[in-house]
Amino acid sequence: MNQRTFPLFVTAAVFALAYAFCLSRFPAFASTRVFANLLTDNAFLGIVAVGMTFVIISGGIDLSVGSVIAFTGVFLAIMIERVHVNPWLAFVMILIIAALFGAGMGAIIHFLRMPPFIVTLAGMFLARGMSFVLTADSIPINHPLYAQLNELVIRLPGGGRLTLIAVVMLLVFAGGIVLAHFTRFGSYVYALGGNRTSAELMGVPVASATIRIYVLSSVLAAVSGIVFSLYTSAGYSLAATGVELDTIAAVIIGGTLLTGGSGYVIGTFVGILIQGLIQTYITFDGTLSSWWTKIAIGILLFAFIALQRVVTMAWPMRRVQAA
Amino acid sequence: MTGMAPAFPAIRKALPQIGALAVVLLANWLVFPGFFDIRLQDGRLFGSVVDVFVRGAPVALLALGMTLVIATKGIDLSVGAVMAIAGAVAASMTNAGHGLPLTILAAIGVGLVCGLWNGMLVALLRIQPIVATLILMVAGRGIAQLITEGQIITFVDPALIFLAGGSFLSIPMPVVLVILMFVLTLLLVRATALGLMIEAIGVNLLSSAYSGVNTKVVLIAVYGWAGICAAVAGLVVAADIHGADANNAGLWLELDAILASVIGGTSLLGGRFNITLALLGALIIQAMNTGILLSGFRPEFNLVVKALVVLAVLLFQSPQLMGMLRVTFRRAPK
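Those protein sequence lines, which keep their order, are chains A and B.
Mapped onto this note's numbering, the consecutive letters of the first sequence carry residue numbers 1 to 323.
Mapped onto this note's numbering, the consecutive letters of the second sequence carry residue numbers 324 to 657.
There may be inaccurate statements among the hints.
Claimed, not checked - Covered, in the sense of this in silico footprint (three residues per stretch, anywhere, with C-beta under 8 Å from a C-beta of chain A), are these stretches of chain B: (1) 455-469; (2) 615-626.
Claimed, not checked - Derived contacts from chain B toward chain A, CB cut-off under 10 Å, selection only: (3) L444; (4) R449; (5) I450; (6) G473; (7) I475; (8) A569; (9) L574; (10) W575; (11) L578; (12) L634; (13) L637.
Rather than coming from a laboratory, the hints here were simulated on the basis of the structure.
We put the CB at the ideal spot given by N, CA and C, even for glycine.
Next up, chain A with everything else stripped away, as it sits in the complex:
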């Protein structure tokens, strides 16, 4: 265990403890049905969190993802229901739009040397505003393809139903892990987050890497938006408000260092599961109000950030002593 993997182990331990606690209170937590629902309900959050993990590892932040999810939903609803475009074509269109959007933000961040926080804030306003400009109503999507896709499930033993969107999330996580650890792009992302100047000196193409990171984040936000529109069968411009915060929280709880340079995609997966677990527990309990979710996530967030501080303060000293 070293400085990099330690937060990951803590995250996994927290999840195991939390799961054991839930199990002791409600034995139903052991059923595949609860677990499959956990995956389905958090599918859109998980997908967007993969992109956020890359952004945060590179030392940036992306506040626009929630708005991009809402825009995707509204765009798909309008295209499919009002313009009668084939849903597959609409999917491709929104992915291209999102890629251009992310490229724009990445370019501004890199070439104008502006803090990612404020640039993606503008992106957040823009995407949310554009979805309002398209429509302020909630538009139901009744296309037969949506019903077909929602019926695609893998039945698990014990009554669990692994839905298509849950599978998509698992695939995105698998893809994210490969991208982070087995490709050149992945090592660029870690290098950028570790130290931008040394990354540049080592020959990392900083401009294209930065732009590709934000393209990845926006495209995954659009995929998440597609999944969200399948999940709700509607497009609504007020949907997914605050998702950027939930996502950032999941990434941090998952053990990714906010200063960049260190983190694991698989940790984010556990972070998403922990958040889902809290929500499921509160639903099961019935007496706890939903606002406890926010407080619990806030406390977890604080605990993990404090842990990160301790880890980053303690480890370098030990390394010096060892040397």
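Fit chain B to the known structure of chain A by using the hints.
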């Protein structure tokens, strides 16, 4: 000539903001000819321009604290949630039968505690401000809902409602509160060395610590002040709707406050701030909001306009772009 010198640079520095405000107000007047009509009724000023000042008060209050925080190279994302908490505290205190002074003190006290918490995370644990304040932004609304028990608490206490609906010397109370807080903030940072220390921290935390600035105390104080400003803004909003709405009070206002500071020329990279211009920034934002409403566009259109404003300000603040332009202009005559 020498007598004008101190005032002249100050106004010249404010020219872009004053110009922007004038353009927005002029546009408002063009779409709504009655825009500048002001009338005195029941001892209080009414009219569209007055409305800009009154509606802009919460963001203006937040901007006072936010500007100082940004000047230390920080950011405070939690102010919207702190507004909700302060409003919830005020509403439940007044419904429990406490008087106005105690209610206000309690709300402001809670805001101060929230601010100090943020400040300690930033100054003592050295967590990045954006993350440190994210904790309270996420948990804060939960805490506010805990206080209101998930409901919107309404109240009828005329003393508390006076904070939004009343007037002093025929000036609406929210504006009076902004002026009061503005003068207080200005005295704090410009009549003392505090403003200089804040800027020093924003430029370089380490070197200001070496030159004897107690960076920890200054940082905690700045976040504490932002909390107090947020609490006052929360009081105004609660008094305005006669109730505390834990979910929606101050929602996304932190972004408007950041925008106001940035429009006011406060650099996001720290070390430079101007509270007066931040107030002008808040006014510009509110004048745009009002203008969009008056011109019959949907209020949601606001977000697109704001996005464009942020982009424009970013382009102006970017040293890279300005450098590029300077080079181009210098080359042009040759």
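Note to self: Name the hints, by number, that the structure is in violation of.
What the structure shows: Violated hint: only 7; rest satisfied.
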